[in-house]
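Could you put the whole structure together from the sequences, leaning on the hints where they help?
Protein chains: 4
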Amino acid sequence: MSVRKPYRLVSRDFHPEDSVIPVGHVAFGGNKVVVISGPCAVESREQVLTSGEFMARVGVPVLRGGAYKPRTSPYSFQGMGVDGLKLLAEARDRFGVMVVTEAVDRESLDHVVEWADMVQIGARNMQNYELLKAVGQVKKPVLLKRGFAATIDEWLMAAEYVAANGNPNIILCERGIRTYETKTRNTLDISAIPVVKQLSHLPVVIDPSHAAGTWQWVAPLARAGIAAGADGLIIETHPNPAEALSDGPQSLNFRHLEELMGDVARVARAVGRDV
Amino acid sequence: MSVRKPYRLVSRDFHPEDSVIPVGHVAFGGNKVVVISGPCAVESREQVLTSGEFMARVGVPVLRGGAYKPRTSPYSFQGMGVDGLKLLAEARDRFGVMVVTEAVDRESLDHVVEWADMVQIGARNMQNYELLKAVGQVKKPVLLKRGFAATIDEWLMAAEYVAANGNPNIILCERGIRTYETKTRNTLDISAIPVVKQLSHLPVVIDPSHAAGTWQWVAPLARAGIAAGADGLIIETHPNPAEALSDGPQSLNFRHLEELMGDVARVARAVGRDV
Amino acid sequence: MSVRKPYRLVSRDFHPEDSVIPVGHVAFGGNKVVVISGPCAVESREQVLTSGEFMARVGVPVLRGGAYKPRTSPYSFQGMGVDGLKLLAEARDRFGVMVVTEAVDRESLDHVVEWADMVQIGARNMQNYELLKAVGQVKKPVLLKRGFAATIDEWLMAAEYVAANGNPNIILCERGIRTYETKTRNTLDISAIPVVKQLSHLPVVIDPSHAAGTWQWVAPLARAGIAAGADGLIIETHPNPAEALSDGPQSLNFRHLEELMGDVARVARAVGRDV
Amino acid sequence: MSVRKPYRLVSRDFHPEDSVIPVGHVAFGGNKVVVISGPCAVESREQVLTSGEFMARVGVPVLRGGAYKPRTSPYSFQGMGVDGLKLLAEARDRFGVMVVTEAVDRESLDHVVEWADMVQIGARNMQNYELLKAVGQVKKPVLLKRGFAATIDEWLMAAEYVAANGNPNIILCERGIRTYETKTRNTLDISAIPVVKQLSHLPVVIDPSHAAGTWQWVAPLARAGIAAGADGLIIETHPNPAEALSDGPQSLNFRHLEELMGDVARVARAVGRDV
Chain A
178 MSVRKPYRLV SRDFHPEDSV IPVGHVAFGG NKVVVISGPC AVESREQVLT
228 SGEFMARVGV PVLRGGAYKP RTSPYSFQGM GVDGLKLLAE ARDRFGVMVV
278 TEAVDRESLD HVVEWADMVQ IGARNMQNYE LLKAVGQVKK PVLLKRGFAA
328 TIDEWLMAAE YVAANGNPNI ILCERGIRTY ETKTRNTLDI SAIPVVKQLS
378 HLPVVIDPSH AAGTWQWVAP LARAGIAAGA DGLIIETHPN PAEALSDGPQ
428 SLNFRHLEEL MGDVARVARA VGRDV
Chain B
178 MSVRKPYRLV SRDFHPEDSV IPVGHVAFGG NKVVVISGPC AVESREQVLT
228 SGEFMARVGV PVLRGGAYKP RTSPYSFQGM GVDGLKLLAE ARDRFGVMVV
278 TEAVDRESLD HVVEWADMVQ IGARNMQNYE LLKAVGQVKK PVLLKRGFAA
328 TIDEWLMAAE YVAANGNPNI ILCERGIRTY ETKTRNTLDI SAIPVVKQLS
378 HLPVVIDPSH AAGTWQWVAP LARAGIAAGA DGLIIETHPN PAEALSDGPQ
428 SLNFRHLEEL MGDVARVARA VGRDV
Chain C
178 MSVRKPYRLV SRDFHPEDSV IPVGHVAFGG NKVVVISGPC AVESREQVLT
228 SGEFMARVGV PVLRGGAYKP RTSPYSFQGM GVDGLKLLAE ARDRFGVMVV
278 TEAVDRESLD HVVEWADMVQ IGARNMQNYE LLKAVGQVKK PVLLKRGFAA
328 TIDEWLMAAE YVAANGNPNI ILCERGIRTY ETKTRNTLDI SAIPVVKQLS
378 HLPVVIDPSH AAGTWQWVAP LARAGIAAGA DGLIIETHPN PAEALSDGPQ
428 SLNFRHLEEL MGDVARVARA VGRDV
Chain D
178 MSVRKPYRLV SRDFHPEDSV IPVGHVAFGG NKVVVISGPC AVESREQVLT
228 SGEFMARVGV PVLRGGAYKP RTSPYSFQGM GVDGLKLLAE ARDRFGVMVV
278 TEAVDRESLD HVVEWADMVQ IGARNMQNYE LLKAVGQVKK PVLLKRGFAA
328 TIDEWLMAAE YVAANGNPNI ILCERGIRTY ETKTRNTLDI SAIPVVKQLS
378 HLPVVIDPSH AAGTWQWVAP LARAGIAAGA DGLIIETHPN PAEALSDGPQ
428 SLNFRHLEEL MGDVARVARA VGRDV
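Chains as they are written, first to last, in my numbering: chain A, 178 to 452; chain B, 178 to 452; chain C, 178 to 452; chain D, 178 to 452.
FYI, nobody ran anything at the bench for these hints, they're computed from the structure. Only a predicted model underlies this, so the values are computations on that prediction, with no experimental measurement involved. Here a beta-carbon is modelled for each residue, glycine too, at the ideal position from N, C-alpha and C. It is possible that some hints are incorrect.
[To be verified] Label-pair restraints from in silico Cβ distances:
#1 T359/C to D451/A: 39 to 49 Å
#2 Q375/B to N430/C: 55 to 65 Å
#3 N342/B to G425/A: 37 to 47 Å
[Said to hold, decoys possible] Below, in silico cross-link-like pairs of lysine to aspartate or glutamate (DMTMM-like), each with a Cα-Cα straight-line distance of 20 Å or less:
#4 K310/C to D287/A
#5 K209/C to D440/D
#6 K360/A to D330/C
#7 K310/B to D287/D
#8 K360/A to D190/B
#9 K360/B to D190/A
#10 K360/B to E331/D
#11 K209/A to E435/A
#12 K209/C to E435/C
#13 K360/B to D330/D
#14 K317/C to E284/C
#15 K360/A to D330/B
#16 K209/D to D451/D
Encoded structure:
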């Protein structure tokens, strides 16, 4: 697990300026804070279209939703696959929101690249180096989540795998690390934002939903992330959290997301940015 | 280590309103965010008076400084003791700042109560129950730091020890927890702010200096803390960090503290508070 | 990350007797403690054949060696691939040792199944569910390493993925977990042995080499594992540790392995087992 | 928390030979493995005398029992104090077992020194430096437990505090560290045994009871500790665990302790030692 050679391409030494990564008409890493939101899992056409429409209406430019779900149990819902990707693409076409979704192997990666605007690599695959090499060879930007027990160095080395294989369009995502504290699902490592910003030129977004594990704590963590210098947020929402097939307890409903957007805008302006 | 009986007196069930804890003319837990700052250790009369004067000038109402230092090594500087307390009191008398300093046993507690306005219980003594009982019997407010590997439940149980022994004037301080990540000295558990605010009526401040371990990361963590709902900050500063006897690398100099005060004010207003 | 449905097939409730898993002429989970040893990475024909010959001579029935190496850095040696697998097979054919080696994706899995006797799933792929599903569909036994930050429940759920996809021949391997302590590379969770033995019928081996990170501490950890009830050990050795391309500092040389075999036999007999 | 100056007096550089620490007629650190056992808390005369008699009968030379209990909750049983110490002393006088019990502050330390043969410093007080200084000034040997989140360096620095204040008779006790795994109360850091043995000349014992938190796992951890090179064990037992006022679930009954003594003797002989 030791780091034999340091990261190069993702290092700020190599590229002193902040990188700005375009995802369609959206830019990560510029002055604007970018919010990504949507359901944990794509569950139905109605759910996705309702979500996409709402995101467009409240100024959330990127819709998230999982079609391939890496679940702890083999008996849990594993996602809708390509059918889910097509629903996300339909939401993009109708409402103008960009779409990000997770790939879990080469096969799903091919489909994600075909239908989505950004490929997510999940926390549990952050050291799946074969997948990192594969995503390094595609033409779509990558949202690279930090493994839940990865050091910052290992996370940046994972990004280096992607970059070294040809894909420089990487957005890092801090989503909480595993600690002894059990009140929250994970412990949001808020310090990772300034640390990574110092070490790397890549944009960093935070995922307060997976860190908190409880929707009531998502808004304060989201505000904290922006105040600490994050370039964006990824927030789980659901039209009806009580009926979500996964991650219901940590999902905001639409009203709470709308309130959060106001909060985020105010904090963003307080630190010299915009939404 | 299991919690056999839950906390009562410090629970929000027992006292649904936020507690506002007065420290002289300063109030913790109200609408105003309160900043505490000063050196890690009291080192000299000049250092303390210079610090006190600066704090008063930039609107920091509480001066910190350690006269009894719990050091990892028996060969490190252990603090100036009562002489240090007298210097802090002189700074208070001349500049009108309140004074907080750590007590490490019954004897030092007696002196701290005599000379200071608030007693700090350090992270390494958070489960020193005899000290908690003793501080429960004094008439001064207590700044109770979270142990660096304490759960939130254990921290609130430590507060319960103080309250159950007669002292309800407790301010909680999150200062980073021990995790596997080594870039920062500890990992600031930013989630602890909303979690504790839900469980307890006590004010919560954060200590970004001990969490970060590096001064460059103090300001983003301080902003994050306020954005997440903290009632205050405790920040290590030194007139000349390069010459500090302890914690120099994580200490701000005066110019950086002044800049931070502006940042904090902007974020505080963005979340409906003031400094 | 919560476990929605418990493991079934790997649970002791489902199969109250200890499972004995055959790997060629070797059996894991019976009265005999089984030692697996060999180099971290397959580096050359001479290295592999020398290792295989030595293992046969000192009574180590299974040879390990990585042909596909998941490395933290994209610039590190990534393994010899199929050429390495052929060398392992040659060692088996000449010296009668069984061969275990890691697969990192579907493609390498096909090759490993063709050439080796047991498939290793590494710690960093323990939650690579697509790989777990794939290995569930092959006819070779699986050595499933615990992720370095996986809970025991998550580890058993990973085994459940393999079993639920059709492959019941699973051997669990504890290899150290990530904690705040940095003297060792990871912290060997010795308690995992009795805990897993109570929850599951599967054999458990321990990997003291990756846990320790330093060869001097491998022997005491190996003895501890057997004393705690482990069914076997996996130990990194190298004909010349100082020249190893990876994991040299934690590799035993042949003389130390031979001494360790004597230690292990004595402790095994003390707990009513044999080697 | 950083270690500014390394330990000296407790370092193996300073004293290359293993230290043998006498506790009355018992020696820690020699060829014999020493078992300490008894109840978590002293509860009654009958409980203590029954325990002492049993220990003498099965060859356990040191009786443990807490008279001052640092409890997480202020509402839990806090121990019998001096009355409890007198019961321990009575057991010593009648059955010839040495007595170890915890001190929690200067006042209790005075009493413990008067009545007991060895002073225990508990995990939660490992960085209570005022207590360490005080115990450095007494004439009784010290059993110094590792803090549940202390690094090995911090633990040895705590021992250095005791030694630097004049008391070289220190026995270290590993009792499990706090990790993310929740199946066990703490994670026994079995590696700490060889690591500390390399760094220091002091004897090391392990406490499998507090690490496991469940009596069924105590025996395998105890065997593992001896196999890894520990100089002794401290095991919680109770005449009737179901009625224990504290730590019942992790306490062995007398029959299980007797079986364990046989196990320990066999493993000790396998590693060239005796009980």
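_Numbers of unmet hints, in rising order_ = none
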